[in-house]
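Novice: As a plain string of letters, each chain reads:
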Amino acid sequence: MTAVPLASSNLERRYRAGSSHEIVAVRDVSLEISSGSFVALVGASGSGKSTLLALLGALDRPTSGTVRVGDQELSGCSDVELARLRRRMGFVFQSESLIPRLPAWENVSYPLVAQGIGEPSRRQLAESLLDRIGLASRFEALPEELSGGEQQRVAVARALVGSPEVLLADEPTSHLDAESAERTCALFREVHSQGTTVVVATHDPELVESATRVVTLEAGRVIDDQDGRDDGPEETVQDAATIR
Amino acid sequence: MSAFVEIARTGCASIGRHPIRSAVTIAAVLSVLVPYLVGMGLVEGIRQEALVAIGSADGPGAIALPDLYVAGSRFGRRVPIRLAAAEDIARFEGVVRVIPRIVGRVTLGKKDVEAVLVGLPQEELAEAITGATIGKVIEGQLPRTEPGGAPQLVLGSALAEELGQQVGGVIPPILRSSRGEKTPRIVGIFRTDSSMWQSRVVLTTFETAAELFDQQGLATDLLVHCRAGQPAEVSARIVREVRGVGDETGIGCEVILRSDLESLLPVGLGHRAGVFNLVFVVAFAVAILAILVISGFGLAERRRTIGILKATGWQTDQVLLRGLVEHLLLGLIGATASILLAFVWLKWFNGFWIAGVFVSGLETSPGIPVPFVLAPVPVLLAVLIACLLVTVGSVFSTWRSAVTSPAEAMR
Ligand SMILES: Nc1ncnc2c1ncn2[C@@H]1O[C@H](COP(=O)(O)OP(=O)(O)OP(=O)(O)O)[C@@H](O)[C@H]1O
Ligand SMILES: [Mg+2]
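Just so you know, the protein sequences line up as chains B and A, in that order.
If you're matching positions, the first sequence starts at 3 in the working numbering and goes up one per residue.
If you're matching positions, the second sequence starts at 2 in the working numbering and goes up one per residue.
Note that these hints are calculated values from the structure, not bench results.
Note that the structure is a prediction, hence the values are computed from the model and not measured.
Careful: at least some of the hints might be erroneous.
Stated by the list, open to error - Sample of chain A residues with no beta-carbon within 10 Å of chain B, all distances over it, derived:
1) Glu7
2) Ile8
3) Arg18
4) Leu224
5) Arg259
6) Ala284
7) Leu310
8) Ala312
9) Thr317
10) Ser406
11) Ala408
As the list claims (entries may be wrong) - Simulated DEER-style distance windows between Cβ atoms:
12) Trp400/A with Gly20/B: 39 to 47 Å
13) Trp400/A with Gly118/B: 17 to 25 Å
14) Ile21/A with Ile25/B: 20 to 28 Å
Think of the CB as a built atom: it goes at the ideal place given N, C-alpha and C, for glycine as much as any other residue.
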């Protein structure tokens, strides 16, 4: 599988807070994520990890700057093109993101409905994925019957159901016990080893350990970018904007 | 294409997944459509029955109905006509038969039950009663005029039930004439299948009616049968030549042609239907608001769900299709349930309450079977309305959520 590279240039995302106040959640972020890399986004709470991830995943529109997925620039994409891009990327949300009243297996396989895949195949795919994340027994469980950690794992399974070229995950292990977290980490490593680009915002040392590159955010800026950790010595690049 | 099918399927499934939301939506549809269908069913039923009553409808039991209804006229009002005018008219060219009739209001029994008393010549009663206009005598016999005897009456079945009367019973004096009290005797009871008006009718002979009302030498109107093609001519001549009222006071006749009645009829009912439609439009608007509020309850959830769908690669049109299928199906279910319920309401609950609101003169619980016909047009319209109602209430909010960015919709 060939994964598409992700890139952003001079990305900025402001939120309106109140009538006059504005929050700059992401400012001047220029990143190039080559295909097949495993990137960990780290930083304090509120540093802009989730915001950046949503921008990269075509789920949010930047206030200024651009995001490119492969050779397509998001701002120029039609609705259909955006939907197609999102199908090539799997996204794991930070907070609960399952569709209420849908059993676990349907939540996992719902993205495939829009691709016209019939129920028997969807069931089968969901079953094997739920098995991989250790939730085979909760096949028919509704989101409200699942614990926070179980919901998170179902969300991971859903992100993987379309065999994405890019996996974007926002703190996928935050609600998990050590064992489940380890299982999820292993899954991410496995997915990565099969050629999928992985971008994960996390505080989890183990996930960071798995990454080939660690990007540190502070107040919306990239303040540290350690690439090529696979090949021994870590090199530190102070200004992310210089990486082109 | 297969995506279309799969999406439609999930849209249908969504109805069962949100039972409360679906039930409330269907309830909103029912609250609008059931009164509408019951009202429209009554309008059509009354219209068709009225057509039968004035002889436009043909079919078994249809009898020859008069071409002209002649009454006296004073200051532009219809008033009783001199009985002697019947003889004048009978001699006119083109006239086949003239039947005098008395129609008056009476109150019967201790409960002062209102009824319409109709008096027809004895030889006409048989035909009237076997014809479509009156029904069939189910018990007893036809009334006769017996000089010196008690006035003989035939009651509509509903009326007899209300009064607790049977054949052979007597009714407390209904009118006191100058010649003393009359205590009528019930000689028969008739039932009609469909007529809401005529089962409240008391039938008797012309002479008995005249006696009971103490109005000798007068008829409420004259029913004139003409030769084909002649009614207009005869009518003109009656207005010109016949003295309808008093011996000294001028001419004074008013003639209504049956053809005029027929042309008036649909208009009159159309007007009522129009008023009803107006009321209905208001109800419709209220229901749309109600549905907007209802969908407002689930809006946060719906919005999140749509955000998730978009984030996982659903196109905007696919999200809309899913919502549309769900709501069209809800509309169809609502419409079907409404049609069934309206039918049950009319058939088994006899239009309880709705008929009373809609048809003046009927009580909350009509004592007689109300006529109704669920015609295809209002029924189809109901289906259309239901679908429109439900989709209008929801498509807008679905669309709004579907075009915002997923991150925002999921917040
Ligand atoms: N919808 C919003 N409206 C206003 N401000 C927002 C919104 N979303 C995020 N922010 C602000 O933007 C900043 C970055 O938020 P973000 O969620 O990206 O941080 P984060 O790094 O993911 O934090 P955490 O580790 O707690 O998840 C924060 O200051 C936050 O308050
Ligand atoms: Mg976050």
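Novice: Please list, smallest to largest, the hint numbers that this structure does not respect.
Specialist: Numbers 1, 2, 3, 7, 8, 9, 10, 11, 12, 14 - these are the hints that the structure violates, sorted from lowest upward.
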